[in-house]
Structure formats: structure tokens, C-alpha cells
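Asker: One letter stands for each residue in the lines below.
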Amino acid sequence: MKHEIEFIINGQNMQFTVDSNQTLLEVIREELGLTGAKYGCSTGECGACSVLFNGEVVNACMVLAPEAAGAEIITVEGLAEEDELHPLQKSFIDHHGVQCGYCAPGMLISAKALLSRTSRPHEEEIREALVGNLCRCGAYADIIKSIQVASRARR
Amino acid sequence: MNAFDYIRPQSLEEAGRYLTSHAHVKLLGGGNTLLLNIKKGLEAPEIVLDVKHLPGLSDVRYHHNQGLKLGAAVKLQHLAAGLEIRRHYPLLHQTAQKLASPQVRNRATIGGTLAWASSVSELAAPMLCYDAVCYVWSPRGKRTIPLSEFYVGDGRTALARDEIITHVHLPAFPTRTYGVYQRQTVRHDGRRMIAAVAVLAIRKQQALTHWRIAVLGVDDRPKRIPEAEELLQGAPSFEEVEQALALVQERIHPQDVEYARADYRRVVLQSLLRHGIMEVIQHLQGSRS
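Chains Y and X, in that order, give the protein sequences. Take 1 as the starting number for the first sequence in my numbering and just add one per residue. Take 1001 as the starting number for the second sequence in my numbering and just add one per residue.
Note that these hints are calculated values from the structure, not bench results. Treat the hints loosely; a few may be bogus.
What the hints assert, rightly or not - Okay, derived cross-link-like pairs now, DSBU-like style, lysine-lysine, Cα gap no bigger than 35 Å in a straight line:
#	chain 1	residue 1	chain 2	residue 2
1	Y	K145	X	K1069
2	X	K1098	X	K1039
3	Y	K2	X	K1204
4	Y	K2	X	K1039
5	X	K1142	X	K1026
6	X	K1204	X	K1026
7	X	K1098	X	K1204
8	X	K1098	X	K1142
9	X	K1069	X	K1142
10	X	K1026	X	K1069
11	Y	K90	X	K1098
12	Y	K145	Y	K90
13	X	K1069	X	K1039
14	X	K1040	X	K1026
15	Y	K2	X	K1026
16	X	K1040	X	K1142
17	X	K1039	X	K1142
18	X	K1098	Y	K145
From just these sequences and the hints, can you work out the full model?
Answerer: Now the structure itself:
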């Protein structure tokens, strides 16, 4: 079954025809060419495909494309403003929060969701917020530090 | 994924028509289990009915006498963050904060999660302690199913295939209620559970009443152990606590899994439960004044 859907992604209104059994991740990556959200486990365990869905972090591999009708979606590509990287992105660069980089878009999205409700999170809160994001390089210590520094830098 | 038709019904009646007219219809809540099963080829529905937008299913209402009514499409994240949950059902709040990950909690619905009848279904533990009742609709009529009768074993529930959970009701509990949730899992996000237990009681004058013990990971379903709860009524002595623990051991049937042997799961459960019961006693009797 085909569905005509409309959603807002990174501030842009988009219209698509999708199949019932397509995932939101497939649409974002393959139709839109936004390859920041990564295809990882495909089972909702690794968080590499995390996006903000109406402001909340979700695994895009576990959302059906037609479910996204009317939604507002932000991917890692939507974090920067113009040419200016988001403070989280800068901090990930400065504090080595990116090792191989595969998990980084998901980590950034989870961190963004955390900072939008808790401006100065404790380490424990950061760890809790990242429970759904796996880093197979094991760079967790630097990822947590990157988020901590970025949150302190904000007013 | 296999092909299916995604349909977003506008009313329970419309959903009911699909459930009656087609053989392989699956209800979609957060999709964390359903989509996984479709991807793995374990399920091949013709129709996936997205019922989480149905009117009224996202309502949350609390009344100090009547208790809490939670729409079946309410997200688990609401249990972890909602003020009325934190204040009046702290055991539910405490458990929900540990459930899976933010990504999963932001999508998973209460109805869909309860209907996932795995023996390690964590939401069941606090819900069993709070005497939750499922309100169910079908084209044939409405009925209620106490959660303690909802799980029938081996991943199955008491729901008929045309039935939809519309909401869950929890009675009101006095402020002198205390509960704890203890779990032992291999992973931080709760996956690969060895065992878990929720314990709850109410202090009435000098006595501790309304004991609830719900266990996970040690049988073919999430379940309460009423005989052990009975043994704890009043002001249980250490001996009575040990008797209750022994009785629980007789009522469980853990299975070997690749990460934990059945006898290990028994030992872990025993330890979690002893700790849970003692904490409830300490908290409720310690706060006596």
C-alpha cells in the first residue's frame, strides 16, 4: 500500500510517497540522502539511527515511514545553524567524542534531547540518556566529557 | 520487511472491522516488538493497525479516590516523567525510569508493552503490585481483565484476537505505601534479564498489609506469588520472611538461558527478593511515628 505523506525535516517541508513497510530511516537515508542517521542493528538496540521525532529521541529504524505523516523530524544534519556547528558538535571534536564516528550522530541527537530538558546534566543523567546508544569503539568516557563540557559552555 | 498494509483507523469500530474481516491483523503501538518480529520473519501480518492515535487512548487521569486511568497509547516515558505517577505511584515511576532506553520509552505504549507477555516484561512487575486492571474493547463488547489473570504463560495473554486494550486502571493507594523494584540484568538497558522482583506493602497502624510480590524472569509469565504475600501480612519476623522466600522458590520454574542457568536465576531472585522485602519493612516501619 502506498501513502502520500508530508513531514517537516530539519525545518523543511517534504512530501513523499512511501510504502507501508518502509522505515523512516530508509526514507531519510535513501530518498532524502541524509546519511547522518546510520543503519546499525536495525532492531532498536544500538541507537545509531536516532533522530528527534516531535522533539523526542527515537530509533528511526523502528518507525514506519507512514507513521511520520505530520511529524517534525530533526536529524544530525539539522543541528548546525548555517555554517556554525552546534556547541555539542564542536565539543565532540574538541574532546575526542568521535572515534570511528559511526555512533556519533545518534550520540549527538540523544545529547541534544537531554540538553533541551536539562541544561546542566550530571554525569549520571548523561549516562542514563545514552543507555540506548552503543559505541563499539568504547569511547564513552570522551563522549560523556564532550557533552559535559558543551553543557557548561551554554550560558 | 514483508509487505503489509499500514492503516490508521479513526475509531475503535473501524479497527474492529479490520480485526473481524482479516485473519492476520496486528495492532501497532510503539512497534518495538512488532516491527522486530516482522523484520525477523516471525510474524507476517496482512494489516498493521496503528491504534495509538485512536481518540481517548492517550488520556491520563488521576483522582485521589478513584485512582489512575492510563490510556493504552500513553507512552512509557510518561510513566518515567509524569508528576502524578511520581507522586502517587512511585514504584511505577521508579521502574519506568529503568525500562529500556529513552528511544524505546518515547515510542513504547502501555497497552503494547503489557501485551508483550514475555516473562521478562518489566512493566508488568509494578503494575501487578498496584493491582492494575486492563479495560478491553472488541466488536463483541467490553470487559475487564485483572493483570494478575492477563498473562496465561508462554508469551500469551488472555486477549482474544479481536480485542484491544483501551486503558489500564490502578486503584488509589494511601501515602503509607512503599514499593521497590530490583533487577539483575546483563545489560544496562534491561536486556538479558537474569531475574527481577517488585515488592510493595501498605502500613496500617503497626501492621504491614496488602503485600505484593511480583517476579520476572523465573517462570513462563510475569506473576505474583499470593501465598508468599499472605505469609508476610502483619509485622513479619525474620523467620516469616525466610518462610516466604522458601515458598517463592517452590512456586517458580526458571529456565536455562545462554547467559544464566536456571539455578543461578533462583539464587539471584532469592537475593533480590530478600533485599526488596527488607527494604519495604525498613522503610515503612522506620517511618513509624
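Asker: Hints numbered earlier in the text: which of these fail when held up against the supplied structure?
Answerer: Of the numbered hints given earlier, those the structure breaks are 1, 3 and 6, listed in rising order.
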